[in-house]
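These are the residues of each chain, in order.
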Amino acid sequence: MATLAGAPVGRERRIFSFTWLWNALAHGYVWAWLGVFALPFLATLAYSLRTPDGVWTLSAYQYVFGSFKENLLLSVQTTIITIILNLLISIPAAYAIVRAPIPGKSFLLSALNLSLYTPAAVMGVSLVIAYAFLFGIPQTMTGLIAAYVVGTFPLMLVPIIVALRDLPLMFEEAARTLGATRMQSFFRIELPLLGPGISAGILLTFVIVFNEFLVTLFIAGPGTTTAALRVYNLTRTAGFQPSTAALATTMQLVSFVVVLLFFRFFGSRYLKGTYLI
Amino acid sequence: MTRVQLLDVSKRFGQTLAVDHVNADIADGEFVTLLGPSGCGKTTTLRMVAGLIDPTAGQIQFDGQAVNAVPSHRRNIGLAFQSHALFPHLSVARNIAFGLEVKRTPKVDVQRRVAEMLDMVELSEYGARMPAQLSGGQQQRVALARMLATDPRVLLFDEPLSALDRNLRDSLKYSILDLQRRTKKTAIYVTHDQSEAFAISDRIFVMNDGRIEQSGTQLDIYLRPRTEFVANFVGDNNAIAGEVTALVPGAPGEPSLVDVRAGRMRLRGLNPGNLRVGDKVLAFVRPENIDVLMESRESDEPNLIRGRIAQIVFEGPTVRVIVETDGVAIRATAGGLGRLTLLDQERRDVLLRLQEVTVVRDESAAAA
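As you go down the protein sequences, you meet chains A and B in turn. If you count by my numbering, then the first sequence holds residues 1 to 277, one letter each, in order. If you count by my numbering, then the second sequence holds residues 278 to 645, one letter each, in order.
Just chain A, same shape as in the assembly (with noise of 0.2 Å):
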């Protein structure tokens, strides 16, 4: 009896160490890559409460609020009607693919989603050649926002369509034999149940579009600076300024608090296939 107890026991106990150990390792090397990519953002946080002199303080944050505050805002606005206008596009243009019966819908949406496989730098000489030459909107605000819709649509579009995708018809259909049109349908039924494929694709445009630098460089101009653009520019002229590491660093926690409530309030199913995860 008692051998015939003791035995498992002992096999038990060799797992339980060698599962410690393996555990051991794999927090370890979590760890390690975590710290190796969060260093580049701490050191820049270092640097941004840092005076030359070697004194700890906040004061570089003064410009955060004060000078940067413009380009931070233009960025702000430029991420939200960008937003807005993805939706636009993107809703109509999911429903298409996802219900209509449209030919060749898979090679529509390769077709679609080739502006995220387009270098940016390619884009941006893109975009200054057709603004200027066909539509006469270089350094506009407006060119600046059809940039980051070109360029980001399909960051809205494919989440919303894995959302479409899942949504049984029979929700629609229970709405219509209920007397509800279809107006009536989609936007108290539809709409509300796309919403966490539609808050996945406002998370992935605001991510691209709020730390946007590439594209902007090229098709901004004077008074359409935006923050990330100033961070660059602020570089080039005044050399590494603590001023220029708060910016920066405000920018990254901006995108991290937004990118966490997303995560707390919708998990991250609907981010599958996307560029985030």
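The set of hints was computed from the structure by calculation and includes no laboratory data. No experiment lies behind these values; they were computed from the predicted model shown. There's no promise every hint is true.
[As the list claims (entries may be wrong)] If we take Cβ atoms under 7 Å as the criterion, some of the chain A residues that face chain B in the derived model are:
hint, residue
1, M170
2, E173
3, A174
4, R176
5, L178
6, G179
7, A180
8, T181
9, Q184
10, I189
11, P192
[Claimed, not checked] Partner residues aside, some chain B positions facing chain A, computed with beta carbon under 10 Å:
hint, residue
12, R324
13, L363
14, P365
15, S439
From the three backbone atoms N, C-alpha and C, an ideal C-beta is built for every residue, glycine too.
Assemble chain B onto chain A, guided by the hints.
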């Protein structure tokens, strides 16, 4: 209130004819079931009545008026889905209120009606809950309340109980029948479950391959199947292939009969009306309509057949006896206390008395 008619309704999906010239006349307040295996076109038929798909040909009428061109949301129907289809982001009360709200019903009336409906399905305390917080049976009851809230002309049910477990199905099917009887609304119910169909219908339409094989009351369908498909699909049936030897006119007021010879067996059964002498036919007899007699005499009487017990299976309330006869194994079930005396009678010669024999033309033999 509403009579529903289907006039030569067909639906084609690409190359397949899902619904093939279906005709049905459903009286006001009648409870009709479309019964058939999956893929027989019953759901497609229902969805055409609901206006969710358009017929390729034919007309659907409510009270004599064609509704083909009327969109779903203006047909004033109630549709219950296989899974309850409650809107997951709305509370129980808001789900029930939905149909009224989209029709711009005054708020006071909406609240009164929602309370009334919740009361009717005995879920008064649950208005504020979300659908995911309810059990499967409660969800389906909310779905019923939701479809009844708008006071629809016709109730349509698309296998509403198939996702539920058996006990729940049994109690809910009577709730559905009760609600239909109380509201006196015309109802069309789609199912592949014959016990459901038999329990609640005024009339059953058995569908196969896009066509209505037979329509009639439960008794018609069960006791007087007119096609091989119906005989095989509904309940358990022994099929005995044979040939018509004589037509036997029934007594006044009784249906006419036919005599069938199958090998050495002589059978007499109900004539579906379209048989002639020499026709290849199938005679059907249900296991529960066969008496097993402990005799081994020869007999010339029709429907009295000699055989030998090959196998006996005790199934609790019934005993299943498989009897080898002239080339055919016939299944019989015996109930009551008498079943116990059969248990140790394997390999013994017996006489089978067949009752309620029905005869249909053998389609496969006719085609060959």
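Here is what the structure says about each hint:
{"no.": "1", "hint": "M170", "in the structure": "holds (5 Å)"}
{"no.": "2", "hint": "E173", "in the structure": "holds (5 Å)"}
{"no.": "3", "hint": "A174", "in the structure": "holds (4 Å)"}
{"no.": "4", "hint": "R176", "in the structure": "holds (4 Å)"}
{"no.": "5", "hint": "L178", "in the structure": "holds (4 Å)"}
{"no.": "6", "hint": "G179", "in the structure": "holds (5 Å)"}
{"no.": "7", "hint": "A180", "in the structure": "holds (4 Å)"}
{"no.": "8", "hint": "T181", "in the structure": "holds (6 Å)"}
{"no.": "9", "hint": "Q184", "in the structure": "holds (5 Å)"}
{"no.": "10", "hint": "I189", "in the structure": "holds (6 Å)"}
{"no.": "11", "hint": "P192", "in the structure": "holds (5 Å)"}
{"no.": "12", "hint": "R324", "in the structure": "holds (8 Å)"}
{"no.": "13", "hint": "L363", "in the structure": "holds (8 Å)"}
{"no.": "14", "hint": "P365", "in the structure": "holds (7 Å)"}
{"no.": "15", "hint": "S439", "in the structure": "violated (14 Å)"}
The structure does not agree with numbered hint 15 stated previously, though it agrees with all others.
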